[in-house]
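Protein chains in written order, with this note's numbering: chain A, 597 to 695; chain B, 98 to 621; chain C, 57 to 461.
For the record, the hints were derived by calculation from the structure and aren't laboratory data.
Even glycine gets a Cβ: it sits at the ideal position worked out from N, Cα and C.
Hints may be right or wrong, so weigh each one.
Stated by the list, open to error - So, partial list: chain C residues that the calculated Cβ filter (under 7 Å) puts toward chain B:
#1 P117
#2 L120
#3 A122
#4 G125
#5 P236
#6 L240
#7 A253
#8 A321
#9 L352
Unchecked claim - Pairs of lysine-lysine residues, derived as BS3-like cross-links and limited to a Cα-Cα distance of at most 30 Å, are as follows:
#10 C/K201 with C/K285
#11 C/K271 with C/K235
#12 B/K420 with B/K405
#13 A/K664 with C/K271
#14 C/K235 with A/K664
#15 C/K271 with C/K285
Okay, here's what each chain looks like letter by letter:
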Amino acid sequence: MALTPDDVVRLAGLARIELTAEETSTLAPQLDLILDAVASVSQVATADVPPTSHALPLVNAFRADEVKPSMPAAEALAMAPRAEQNRFRVPRILDEEAR
Amino acid sequence: MADSPTTDGAITGAVTTGDAEILTAGATELVAAMEAGRLSSVEITRACLDRIEAVDDQVHAFLTVDAERALDQAAGIDSRRAAGESLGPLAGVPLAVKDLFCYRGMVTTAASRILEGWVPPYTSTVVQRCVDAGMVILGKTNLDEFAMGSSTETSAFGPTHNPWALDRIPGGSGGGSAAALAAFEAPLALGTDTGGSIRMPASVTGTVGVKPTYGGSSRYGVIAMASSLDQPGPCGRTVLDTALLHRVIAGHDPMDQTSIPQDVPPVWQAARSADLSGVRLGVVTELSGEGYAPGVTDRFARAVAALKDAGAEIVEISCPHFKYALGAYYLIQPAEVSSNLARYDAMRYGLRLGDDGEHSAEQVMIASRGAGFGAEAKRRIILGTYALSSGYYDAYYGSAQKVRTLIVRDFENAWASCDALISPTTPTTAFRIGERLDDPLAMYQADLCTIPANMAGICAGSFPAGLAADDGLPVGLQVMAPVLADDRIYRVGAALEAQMEHEWGSPLLSRIPPLTASSKEGLR
Amino acid sequence: MSVWTTDELLDYDEVMERYDPVLGLEVHVELSTASKMFCGCSTDSDAEPNTHVCPVCLGLPGSLPAINGHAVESAIRIGLALNCEIAPWCRMARKNYFYPDMTKDYQISQYDEPICHDGHVDLEVDGKSYRVEIERAHMEEDAGKSLHVGGSDGRIQGAAYSLMDYNRAGVPLIEIVTKPVRGLGARAPQVARAYMAHLRDIMIALGVSHARMEKGNLRCDANVSLMPKGSDELGTRTETKNVNSLRSVEGALTYEIQRQGAVLASGGRVRQETRMWQESGEYTIAGAREVRRRGLPLLPRTRPGAGRVLPRVGRGAARHPAGAARRQAGPAGRRVVILDHRDGRRHQCRGAGPAGADRRRRCRPRGGPKVVAHRAVPAGQRGRLRSVRGRHDAGPGGRGAEAGG
């Protein structure tokens, strides 16, 4: 199947990544080639084979419900691009046209 | 180069700047010298820092070096040792850390613009264990951006050069750690291995690297690429050093609920044995033939013969589904990447662009991620988004998970007739910088042999198997063993190391062209 | 694509003559564990902003979630009290969406393998009994809180920017989702209210949540659609969020039923959307969040049926000191049998079924369907009704929604 530049733009949108026109035109054929190359997996993935999502079958690893010290707020906020009133300041959440 | 004679067969000939004896010594020798009072940790650390100063502008193994903090740590260990305190087997030994491990107070970037300048407020379990063991953290080493790559070229901060030939790649993603070892900038290093990121660089730099069993070491504080495949592990110049570091970092961690609550296999003891009597090794049929460089195939065959000389019984074993491993990997890994890298959204930390009051949070996210991620990261995030999208999920991600089951079964069948599997670590020796950068498929081929182990969660390691006859560059032999049989990796590695030293008369690294502070002698 | 909503309402009785409402209730229960779902930070909701945060709940690079065993036990207790099957296996999944209140830009939740499924509660309203069937109850984590600055009334609309407090991020939630509830007729809003009251009582009796609706410990997303009488075809549903009191549950559903009735009566079509209920009676249409849910590996799977977890919880639930809990444990102490795949043994536990509902809190009888005041918005106030372009293909509560294809 062919992955068009439009598909790439749509996928990049879902992944919240801005692409230049040049990136889009390079990525589309590259991704297409990669998808072609990996398509062989469906040949052997028959219905009788169960999927493996995790390498080791560990189960029921639980933590006790105990409160541990948190980070000082100042330390958390020191990482923030912007902070105000002891909170992380983020740009307005709704788009202009949605306001 | 490779066939130029060394002075006396000693590895010290490989270093012409600084204190060659300190820099080329193994960790065990350094600790013995410290115990005997002949050397201090400060002296050793100083030697490494001087070496980095002298040669790292050519190698570019390090992204961050904190000399002051390292020397402070070293001085602390020296005074504890002087006070008669009983210290661990690696106390006072310097360590290079892949820049994927969080270390409180030290810039941690994953070699990405999106995390440029980020200072983590906490330390990963593995690094903490090294610090607790008295090891001295020199700094952070270069890698492919978010560990996505096989050459360290996708680092946002420029490529690392292979000390064997500066125009060649040092492997990836952990090229910085491997190059730091091969350039004698550090005796030990930490890596992470998702599809070969420890083993592949070890192979092309003539060093040792082991990916422990999945869950054998804690992932807490290690920047995630593909959570079901990532595994931190040790890198060293000798098998014994690597095993010692393995022992320090391995073991259950309650902060990582995927870590195995069982004892660490006896890797240290295994690394001291060079005898393979009674050990049956399986050569993987599918990991040979077309696409494998003649120099690699030839060195691998000779290494197999050497293992036989060490007492191993050699059998050939077919793993018919390995040929689908690469395809499945490049669906599963990008899928997990697309989810794990979502958090770099410019809201809480990291790069933020376009926050001018005009743009919305979403627009700021899109712009920041567009500018903050490099080409390979974008390629994989978009590929993963596609593989996970409804309509394609079953055909791609679902099928890839089934292939994973088939690979696990291949390994299980293999363990019925051998103790460990062996193969070349990578199909070619180090390729030239830039050679595969625009050809992702060619780049991905470098992980052909290493990926199956990650898919199945078993342990695997790469050990020097000599230099290829055609280009004189290092070739690695990969050993794969069952879950929690990490000791077998070291047993085979130790035997190969002994055989190689016997054949070459000195450790392989003694053949590396010396780097000098001024000249570009290593440049070919 | 701003759309002004004209919320004309049709008389309640008139709607009922032509349509049967079908409900779907999604209730989030904030557990009262001491620590968060995946880290050791306190769940105390009265703390100063960002003082109960750590690398895990802030989603810092390299951090990993570690499941709180007590939260898993609470989930099983709740499941038993709702007469649910407890899954022999379950696992956490990632629900991906980009939003500043989600520190990892995915919520750890459960998707294809919830811990509890297929239960029911029996309610009595006006002397008539109703059964609400439970589709599932699953574990997940809460998001951070936003403070919107620069707009009117601290609302997200018109805000210049927002301030995030992540104290609540990672607080354990149990989401209880009903199957479509039909055949309620005019009493649908009252049954929904009785259902919420019943859940609140169960949570208090089990001691798993403070269950204070005004504090957001118990939050309801109310889905409703209208089915023409005599038809089997479900209408288009809307989801009303921010329904945070028993009164609101009844009020919001009554309102929405009347609004949909007016839309249909005028020959229009109900648009599938997510609406925010305001106590003042104002409405906004919320920007739906685009969601992609995946069972990507992150944590070991949970086997609630494994010896250590379920039997202990089962006994605990049956022995709960609160009298109410005993009553809720069900008349015959329904038995839940879990086959432990590891040792092949069958573990039996006494289910806490709420069939004999707590009489003290039974819904008071009320006169027939009561029409809440019409709220057709005066023209002058329409400017306060705002909408957000509905650009996404699945709302956050969409059951099993997989957008992004």
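Quiz item: Hint numbers the structure violates, sorted upward?
Solution: 4, 5, 6, 7, 8, 10, 14 and 15
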